[in-house]
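Colleague: Sequence:
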Amino acid sequence: MPQDIAPNAVLTCAMRRLAHRFSGGFRSMYFPGAIAAVQGEAPLLDAEIPAANGVATARALARMYGAIANGGEIDGIRFLSRELVTGLTRNRRQVLPDRNLLVPLNFHLGYHGMPIGNVMPGFGHVGLGGSIGWTDPETGVAFALVHNRLLSPLVMTDHAGFVGIYHLIRQAAAQARKRGYQPVTPFGAPYSEPGAAAG
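Counting from 1, one number per residue, gives the positions in the sequence shown under the UniProt record's numbering.
One or more hints might be untrue.
Claimed, not checked - Pairwise CB distance ranges (calculated):
id, residue 1, residue 2, range
1, Arg-179, Asp-75, 30 to 38 Å
2, Val-119, Ile-77, 13 to 21 Å
3, Gln-182, Glu-73, 19 to 27 Å
4, Gly-164, Val-103, 30 to 38 Å
5, Gly-164, Arg-59, 18 to 26 Å
6, Glu-83, Leu-18, 44 to 52 Å
7, Ala-172, Ala-14, 25 to 33 Å
8, Val-119, Gly-140, 15 to 23 Å
9, Pro-97, His-159, 24 to 32 Å
10, Thr-57, Val-10, 40 to 48 Å
11, Gly-164, Gly-110, 49 to 57 Å
Keep in mind the hints are simulated off the structure, nothing from the lab. Glycine is no exception: its CB is placed at the ideal position from the N, C-alpha and C atoms.
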């Protein structure tokens with residue numbers, strides 16, 4: 001926020017009024033406590049806020065979207081009804097300008113698609129801090145990107161990287177379907193209790 005550069009009561013008051021007057025995007029993001037929110041302070045993350053402040057691992061978020069990508073089921077367990085999945089996946093072509101983000105998006109039941117042709121087929125959601133969950137029901141693929149920060153100058157870099165990785169993920173999934181899946185039980189580095197620091 002501009003007033004954080006040089007704390008000044010007059011500047012704080014003026015910036016808040018300007019933000020509310022000129023732009024839906026500024027108005028939606030400029031509220032008391034916004035700094036604490038984007039810095040990821042614990043009270044925000046601990047709060048139970050419907051449709052906001054979701055905290056998840058990439059694996060858990062991708063698994064949630066996997067239910068949509070696979071007709072409502074994961075590993076033979078039904079999480080979503082077929083009717084709900086059908087409702088989420090149809091009528092996704094209409095693109096309208098978003099009044100907050102100021103870019104065209106096709107929001108539908110809380111999810112949006114990419115407004116740029118067929119760059120990222122499917123749909124998902126980008127959260128406040130830039131974490132993304134995405135599903136492509138046509139290919140049965142779902143994946144997620146999460147990070148340990150909220151808003152930062154790197155959010156746009158994260159999103160650009162996500163678009164680039166998307167194509168590679170779809171290619172890998174198609175190859176795995178052809179060759180057959182190989183389960184990877186241990187995933188990532190194992191956790192170990194840190195020892196005493198030397199010195």
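Colleague: When the structure is checked against the list of hints, which entries are broken? Sort them ascending.
Modeller: Structure breaks hints 1, 2, 4, 7, 9, 11.
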